[in-house]
Amino acid sequence: MPETSRRHLLLGGAAVSAGALLTACTSNEPKAQDAAPAGSAAPAADDKPGTPVTIGFAGPQADHGWLNAINDNAERRAKKYSDVTLEITEGSNDTATQIGQVQTLINKKVDVLVILPADGKALTQIGLQAMKAGIPVINLDRIFASPQAYRCWIGGDNYGMGLNAGNFIGERLKDKPNATVVELAGMDSLELTKQRTQGFDDALKNYPNIRKVARQAADFTVESGQAKMAQLLQAQPKFDALWNHDDDQGVGALRAVAQAGRKDFLMVGGAGAKSAMDAIKADSSVLKATVLYPPTMAASAIDLARALGQKKGVGGMSELEIPASITLYSAVVTKENVDEYLPTGFS
Amino acid sequence: MTLTTPATSPAGEGRRTGLGLRADVRNLSLLGVLAVLIAVGGLTRPAEFLATSNLQLVLTQASVIGVVTVGMTFVITSGGIDLSVGAIVALASVWATTLATQEFGFAGILFTAVVVGLGCGLVNGVLVAYGGMVPFIATLAMLASARGLALQITDGKTQIVTVPSVLDLGVPDAYVLGVPPLVLVFAAVTAAGWLLLNRTTFGRRTIAVGGNPEAARLAGIDVRRQRLLLYLLSGLCCGIAAFLLVVLAGSGQNTNGNLYELDAIAAAIIGGTLLSGGRGTIVGSVLGVLVFTTITNIFALNNLQSDVQQIAKGAIIVAAVLVQRRTVRGTDT
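Residue numbers (the numbering used here), protein chains in the order written: chain A, 8 to 354; chain B, 62 to 394.
Pulled out of the complex, with its shape left as it was, chain A reads as follows (with noise of 0.2 Å):
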């Protein structure tokens, strides 16, 4: 594990979130060129040692894969820099312990905060209050309910997710007529999972020839994953392909899939976890893609915070500071792109 993690910092990390920030929401290829040398006076940060930072980071418990990786790869790019501090909250899940752990931070006086709220909405306050106490603060994903309350947020698509999930399937089924389709969607209290349902759903009309004929939600677990798919299974004796929004629910959805001996259809999951890597490289499931929500964010986290902290803007950018908002690109990946993704693949 913690092999593939450093692996994944060092590599995938750093193109991952330079791409992202580099081609923001146009490419599903990050460029491979360096940026134009625009705005090249600008200071932009680098690797190189400069004024002492420290950054706050409080998160969310890590009660599974996607969540763990973010603790991860926001401790790992932390260490990357000598010249970064990292204040680490306990995770919790409790918004009036989060607004706790951020409270202690704000007083720690740290140079910059980074916020994953377990609830954007109800952390909102103490992002104004951080902001107000003259620590900028980077929300990390689940966003804040004011733009008052951070100075950069950087984040996942999930509307992007299920969009890109969508296109996908379409293109591969779209010389297919009656071609029909079954969701496999997450937690349905989220609104996350509306917003991946939506993507998808928007991109299906982009091809009339394809019909979503069932869509069940699970609970993002292996368990619920199962259960819910081998009652998809049994509902759909026939369908061409499927949308599962989680990979680690995947993990149960690709067992269902097995046990019922299915191999009719193709699958597309969501997230970008190391075992769906593992599973479109070999080819030999009917998972064919992954439609990427990168914990590497957490990462460029620490770099956007870091770069705030010295007052420097972005390389490869011609802005002097930081952007205000940064949305990471929903990449799909499949059997042809699977190796340059894997080292960012989490478990």
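Any given hint could be a false lead.
To be verified - Rough simulated footprint, nothing fancy, chain A against chain B, three-plus residues with beta-carbon under 8 Å:
1. 229 to 238
2. 265 to 278
3. 347 to 353
Claimed, not checked - Calculated cross-link-like contacts (lysine-lysine; reagent style BS3-like; alpha-carbon spacing at most 27 Å):
4. A:Lys183 <-> A:Lys139
5. A:Lys87 <-> A:Lys55
6. A:Lys201 <-> B:Lys374
7. A:Lys318 <-> A:Lys270
8. A:Lys212 <-> A:Lys183
9. B:Lys374 <-> A:Lys219
To be verified - From the structure, some residues in chain A lie toward chain B, with a derived Cβ separation under 8 Å:
10. Pro67
11. His71
12. Ala221
13. Gln223
14. Ala224
15. Thr228
16. Glu230
17. Arg262
18. Ala265
19. Gln266
20. Ser282
21. Ala289
22. Ser291
23. Val293
24. Gly323
It should be emphasised that the hints constitute simulated quantities derived from the structure, not laboratory data. Note that beta-carbon positions come from the ideal geometry of N, C-alpha and C, so glycine has one too.
Dock chain B against chain A, hints included.
Just chain B now, kept in the frame of chain A:
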């Protein structure tokens, strides 16, 4: 909660027959509910619902929670409660699927799951029986710490099982005359539970402790030892269920067994086991589990969304209990 139950021991014999009869009526009404559900499933999705593969699926999905519910039925019958079952299933499953355990293959995984289940049950039992803790609190503490430990062991990661002999148990090739091995285990646990509760001294003591612990003590029953054994039994069932879950899901995860405590308690209660203790029915509990699993199956086949599912599930619990109350009215005290 058990101490306030009115003394029943003087009329013990006569009352027990009455209770047995009443339990049968309850089971009949639950069978009626199940029959209605099967009719609904058969009418709405005839081709899919009555397919052999779907019936196999319903029974398989009932197996894991079913085994847990059998253990829970004993604990509730004795006037106790076990809120930690889901967390024990989680802990047992992740401990059984660590890489170290997987090296020992099938036996290692099974053994670890059962031992961890028993260990947690032992702690619960000692706390309740000898520590004098209220079962609600003792098992709530176990719920929290077992989940925490499960999270610590996995570090939030999903532990994927690679032992072929374990995985093979969950695929159709392993079916015995069309019956999945998981269902066979469920059936065996149910039969053993029924015999233990209805045909042994252990079962009679369980009912006596639940009906009136003080009277049971005066009658010469070692109430504390009995309670210890009951939580141990529940832990054992959780260990077995954890193994079944590992076979089913092919992995161990700290989120395994989520909310099993509520499902198991609900199934036992709608099955006719008294939450205040003194009466328990294994057949009723198993029927309760089957009702829940069948509902879930019918919902999924008809592509109902989860919000609708939850509302309907709540309504059906209420309806099932109301139907039972109507059926047994007159014999109720």
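We went through each hint and held it up to the structure:
no.: 1; hint: 229 to 238; in the structure: holds (count 3)
no.: 2; hint: 265 to 278; in the structure: violated (count 0)
no.: 3; hint: 347 to 353; in the structure: violated (count 0)
no.: 4; hint: A:Lys183 <-> A:Lys139; in the structure: violated (57 Å)
no.: 5; hint: A:Lys87 <-> A:Lys55; in the structure: holds (11 Å)
no.: 6; hint: A:Lys201 <-> B:Lys374; in the structure: holds (22 Å)
no.: 7; hint: A:Lys318 <-> A:Lys270; in the structure: violated (54 Å)
no.: 8; hint: A:Lys212 <-> A:Lys183; in the structure: holds (15 Å)
no.: 9; hint: B:Lys374 <-> A:Lys219; in the structure: holds (25 Å)
no.: 10; hint: Pro67; in the structure: violated (11 Å)
no.: 11; hint: His71; in the structure: holds (5 Å)
no.: 12; hint: Ala221; in the structure: holds (5 Å)
no.: 13; hint: Gln223; in the structure: holds (6 Å)
no.: 14; hint: Ala224; in the structure: holds (4 Å)
no.: 15; hint: Thr228; in the structure: holds (4 Å)
no.: 16; hint: Glu230; in the structure: holds (5 Å)
no.: 17; hint: Arg262; in the structure: holds (4 Å)
no.: 18; hint: Ala265; in the structure: holds (7 Å)
no.: 19; hint: Gln266; in the structure: holds (5 Å)
no.: 20; hint: Ser282; in the structure: holds (6 Å)
no.: 21; hint: Ala289; in the structure: violated (13 Å)
no.: 22; hint: Ser291; in the structure: violated (14 Å)
no.: 23; hint: Val293; in the structure: violated (15 Å)
no.: 24; hint: Gly323; in the structure: violated (33 Å)
Checked against the numbered hints given earlier, this structure breaks hints 2, 3, 4, 7, 10, 21, 22, 23, 24; the rest are met.
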